[in-house]
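These protein sequences, in sequence, are chains A and B.
The opening position of the first sequence corresponds to residue 1 in my numbering, with each subsequent residue numbered one higher.
The opening position of the second sequence corresponds to residue 363 in my numbering, with each subsequent residue numbered one higher.
None of these hints come from the bench; they were simulated from the model.
Certain hints may be false.
[As the list claims (entries may be wrong)] Here are the simulated SDA-like cross-link-like pairs (lysine to any residue), alpha carbons at most 20 Å apart as the crow flies:
no., chain 1, residue 1, chain 2, residue 2
1, B, LYS586, A, VAL127
2, B, LYS453, B, LEU391
3, B, LYS586, A, LYS179
4, B, LYS453, B, VAL401
5, A, LYS295, B, ARG417
6, B, LYS453, A, TYR222
7, A, LYS179, B, ARG377
8, A, LYS295, B, LYS372
9, A, LYS295, B, MET410
10, B, LYS372, A, VAL127
11, B, LYS586, A, GLY250
12, A, LYS179, B, GLY376
13, B, LYS586, A, ASP11
14, B, LYS586, A, LEU38
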Amino acid sequence: MRERSGIRDFDWWMMTLVFAICGISLLEIWSATHASHLAGMQWRQVLWIVLGLVIMLVLSRVNYHTILYQAPLLYMIGLAALVAVLLVGHSRFGAKRWLPVLGEFFQVSELVKLIIIVVLARFFSEVRTDRLLLSDLIKAGLLVGVPVGLILLQPDLGTAMVLVPVAAVGAFLAGLQWKHALFVVALGAMLLPVGWHVLKPYQRSRVTTFMRPEDDPRGSGYQILQSKIAVGEGGFWGKGLGNGSQNQLGFVPVRYSDFILAALAEELGFAGVVITLALYMALLLRLVQNAQHAKDRAGMFLIMGVTAAIGFHVLVNAAMVIGLMPVTGIPLPLMSYGGSATLFVFLALGLVMNVRLRRFVN
Amino acid sequence: MTIWFENDKKLPQGRLAAVSYGIVGLIGLLLFGFWNLQVLRTSYYAGMAERNRVRSIPIIAPRGSILDRSGRVLVDNYPSFSVLLLRDDSKLTASLLPQIADGLGMTLSDVQTQFDAAKSLPDFQPIVIKPEASPADIAFIESHRPDIPVLEMMMVHRRRYGENDFLAHAIGYVGEVSTEDIAASGGRLRSGDVTGKSGIEKQYNDALMGTDGLRRSIVNSVGKEVGQLEQQEPTPGKPIRLTIDYDLQSVAEQAMAGKMGAVVALDPRSGEVLAMVSHPAYNPNDFAVRIPRQEWDQLNDDPTKPLLNRAIQAQLAPGSVFKIFETTAMLESKAISPDFKVFCPGYATFYGRVFHDAEKPAHGEMDLHDAIVKSCDVYFYNVGQRLGVDRISYYGTALGLGRKTGIDLPGEDSGLMPSEAWKERVFHEKWYPGETISLAIGQGATEVTPMQIAYTIGGIVSGGVFKQPHLLMSDQPAPEVDFPISESTVDFITQAMYGVVNEGGTAAAVKLPGIEFCGKTGTAQVISTQGKKNAKDKSGLNNHAWFVGFAPRRNAEIVIAVLVQGGGFGAVGAAPIARDIVKAYYDKKAGTFTNPQEYTGNPQPAAATATAQAAPAPAAPPADPSASGETK
């Protein structure tokens with residue numbers, strides 16, 4: 001089997017959308033940090049983007065079937081890494097999430113996200129029935145459940161949460177039956193009180209302040225409130241790049257990363273938000289389109305896993321910024337500053353590209 | 363490649379399309395969320411952002427200064443810093459209180475109490491937690507801005523009052539507004555504002571206070587100031603000029619040093635108050651900065667009542683000073699002939715009870731003039747009995763007793779002019795004729811304030827024109843009460859009061875050469891006025907000395923009322939103080955006044971001579987019964 005695809009078969013639409021989002025991101029990272037000791041941060045982000053592009057190119061050359069074939073091994077590696085991070089991981093902000101690699105600290109769970117996407121694609125593509133059997137659903141649940149449990153131990157509620165929609169979208173496309181869906185939702189609802197006891201105090205307070213942020217404006221409700229103020233103050237046209245007082249005076253928390261959308265909303269207004277979210281929507285729809293044209297179910301599941309993960313990030317991050325979701329530390333893909341998160345997105349897009357490049361093969 | 367993914371091209375297109383719709387729907391939902399914040403509620407959040415970044419610190423308007431009648435400064439200001447506690451974020455502030463207390467050298471309970479007391483105020487109003495910041499406090503605030511972003515400094519103007527307790531009661535003092543004051547001000551006052559609490563400071567607070575400005579600065583999220591907005595300039599309070607004469611006030615203050623009582627000097631032609639002293643006093647400078655609770659309680663509990671402005675709030679029996687009112691009643695009502703004579707054996711018997719005269723041996727035959735000059739009680743017992751309580755009460759009231767003079771100070775008391783109707787109303791008892799006898803010599807229920815005495819006597823000797831006393835210098839003539847008194851009566855009374863000082867009368871010791879200084883002594887019995895509860899306290903049994911004097915005899919320019927509580931006989935305890943002030947007044951007119959020290963504790967040669975001439979005075983003490991009907 002010879003690969004006949006080349007650079008011209010790249011999804012240039014998708015890449016255009018990706019570059020547009022990265023462009024807005026660099027602009028806003030500059031605006032958020034230029035007047036502080038973090039000035040110049042956008043250039044580091046450029047480096048991450050370039051590195052991401054290279055990795056994406058490399059990954060797109062490897063046949064995704066080869067990758068899917070190695071799914072069990074990848075799964076083992078993923079679990080081992082999660083255990084390792086719990087044992088020897090580097091703690092930041094009270095959570096063990098980082099493993100030192102090449103002098104930088106990488107969030108292992110970002111890599112695990114990718115592995116789970118691959119593992120689930122492999123699993124669901126092997127399901128031969130039109131309707132997903134309960135036994136298969138339970139197996140899928142266990143496959144995801146173990147790494148979710150390990151990630152929750154770090155603890156990293158955000159990343160653990162991302163795996164759920166990946167599994168859900170996969171199951172849905174694999175022919176999930178409504179009665180099973182209802183059963184899972186009901187089970188989840190019953191387990192919620194148990195989960196509450198398992199949550200770390202800081203996670204609980206995030207949930208409670210999400211419910212009533214005004215109760216504790218300087219404590220954990222501070223971030224949500226300041227973010228909402230920034231967004232609301234922006235108005236329709238925004239304060240102009242570099243002019244948002246909430247952003248420039250440092251009231252918006254981690255304004256260059258998790259809350260970059262709040263900074264953007266303040267400075268570029270509702271108009272800027274519409275453009276940004278429209279770009280994300282276009283990107284996601286383009287991913288779905290690629291899935292629709294995938295050569296086989298395995299490729300479709302791979303792309304849709306990526307779509308679910310990126311879509312969930314966008315949804316949760318944007319909802320958090322306007323106070324509709326608790327603070328979970330989920331960054332906005334391609335927009336928030338951060339090495340691990342940026343590399344994850346490009347790796348994931350590399351998988352998509354991989355599938356696309358092989359749609360006419362055979 | 364293995365079989366598991368070969369030839370499987372059957373994709374769930376329907377469900378993929380559903381996912382697309384899901385994506386569009388969720389993005390739409392997010393956009394609606396942003397629309398809600400950014401378009402529908404943008405002004406609300408813009409306001410919150412404004413409060414985030416703009417810190418408003420009041421610029422306190424300097425209070426107007428207070429000047430004496432010739433423009434000399436009595437009260438002004440000095441700059442100082444207050445520490446403000448910001449409470450926009452009350453939870454954060456509450457959590458920092460221990461550090462703040464530690465850094466400012468205060469107790470945590472003090473800080474906590476102040477913080478709790480302000481809970482009812484809006485959060486955006488800062489409170490003053492330490493009024494006078496030391497350099498160490500300022501350094502502490504500046505160096506802890508990042509971790510304690512809730513402290514600010516505010517430049518304030520503190521009141522600087524005169525040395526010691528100069529003019530303390532008339533001027534009053536300022537203090538921080540109470541929560542009630544703020545509620546009552548309708549938004550004009552804020553926490554930490556300084557407002558007049560008593561005296562002139564309270565009376566003319568609106569003019570003195572001015573309007574505070576606002577310094578608005580931009581702060582970042584750690585409370586560091588990064589920029590300035592246009593500031594709202596304060597409007598300083600207006601200075602006010604008093605009628606007080608600094609020199610006369612100084613003389614009066616020194617004359618009263620160490621005594622308990624009050625002095626009021628008025629110009630009866632205009633109602634202008636030239637001097638006003640109440641002793642013991644407090645130091646108003648103690649109030650300029652927040653007064654410690656303990657010190658305040660001490661002032662309040664002090665048995666000598668230093669906070670009481672005795673000039674307008676000490677209500678005591680007038681003693682023989684009352685004889686002037688009775689004389690006016692007698693002459694004006696024409697109920698008794700001006701030639702009425704009484705033989706004074708040293709006592710008199712009315713209604714089966716013996717009323718003594720203060721003086722032994724007896725005065726002998728007395729006419730009205732001599733009865734005033736010698737202050738003969740027996741004569742006035744008879745006059746009182748013949749006039750009756752109603753007539754005395756009518757004239758006393760008409761001449762200004764029992765009602766406020768209307769001086770421009772808060773808290774003036776009205777005194778009391780008893781009458782049959784009054785006794786019926788208050789005690790539901792009949793008036794006993796014996797009470798009229800006591801009333802006739804200024805004992806009994808009658809109560810007057812020093813201000814009232816100066817005002818009423820000033821009015822009587824000015825022919826019945828009672829000018830409302832006032833402390834604020836004004837171009838407008840003061841309001842007056844007219845109760846015309848015939849020329850012959852005025853002449854008779856002023857002649858008699860001239861005699862008291864200049865014809866070997868009860869106050870002969872205070873005669874001033876070359877000055878028509880007239881007056882009347884009085885000695886009010888403590889036992890009858892303050893009740894028997896004080897009877898065990900020997901010092902409290904000392905009689906209160908009264909003296910009212912004026913000069914010149916006709917068209918008086920100055921009238922002075924002096925009360926020295928526990929001062930004994932009026933001639934000894936009170937009259938010399940009035941003499942000093944009158945002497946200073948005339949020296950000022952002549953341009954020979956130099957230094958207030960010369961007038962006190964340093965009797966003039968002339969006065970010394972007068973004392974020597976009146977050597978028998980102690981042996982033949984002036985005025986007033988040692989026992990009246992009241993004492994039984």
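Results of checking the hints against the structure:
1. Of the supplied pair hints, the one linking LYS586(B) and VAL127(A) is violated, its CA atoms being roughly 61 Å apart against a limit of 20 Å.
2. A distance of roughly 34 Å separates the Cα atoms of LYS453(B) and LEU391(B); the hinted pair therefore is violated under the 20 Å criterion.
3. For the given pair, LYS586(B) sits about 58 Å from LYS179(A) by alpha-carbon distance, which is inconsistent with the 20 Å threshold.
4. Under the criterion of a C-alpha separation no larger than 20 Å, the hint pairing LYS453(B) with VAL401(B) is inconsistent with the structure, at around 30 Å.
5. Of the pairs offered as hints, the one joining LYS295(A) and ARG417(B) is violated, with about 62 Å between alpha carbons and a cut-off of 20 Å exceeded.
6. With a CA separation close to 12 Å, the supplied pair LYS453(B) and TYR222(A) stays within the 20 Å bound.
7. Note on LYS179(A) and ARG377(B): the hinted pairing holds, with a Cα-Cα distance of about 17 Å set against a maximum of 20 Å.
8. At roughly 9 Å between alpha-carbon atoms, LYS295(A) and LYS372(B) fall within 20 Å of each other, so this suggested pair holds.
9. Note on LYS295(A) and MET410(B): the hinted pairing is violated, with a Cα-Cα distance of about 54 Å set against a maximum of 20 Å.
10. A threshold of 20 Å between alpha carbons decides the hint, and for LYS372(B) with VAL127(A) the separation of about 12 Å falls inside it, so the pair holds.
11. Using a Cα cut-off of 20 Å, the hinted pair LYS586(B) and GLY250(A) holds, with the two alpha carbons roughly 11 Å apart.
12. With a CA separation close to 19 Å, the supplied pair LYS179(A) and GLY376(B) stays within the 20 Å bound.
13. For the suggested pair LYS586(B) and ASP11(A), the alpha carbons sit about 49 Å apart, so the restraint of at most 20 Å is broken.
14. Proximity of LYS586(B) to LEU38(A) is assessed by CA-CA distance (about 18 Å); at most 20 Å being required, the pair is judged to hold.
Against the hints set out earlier in the document, violations occur for numbers 1, 2, 3, 4, 5, 9 and 13.
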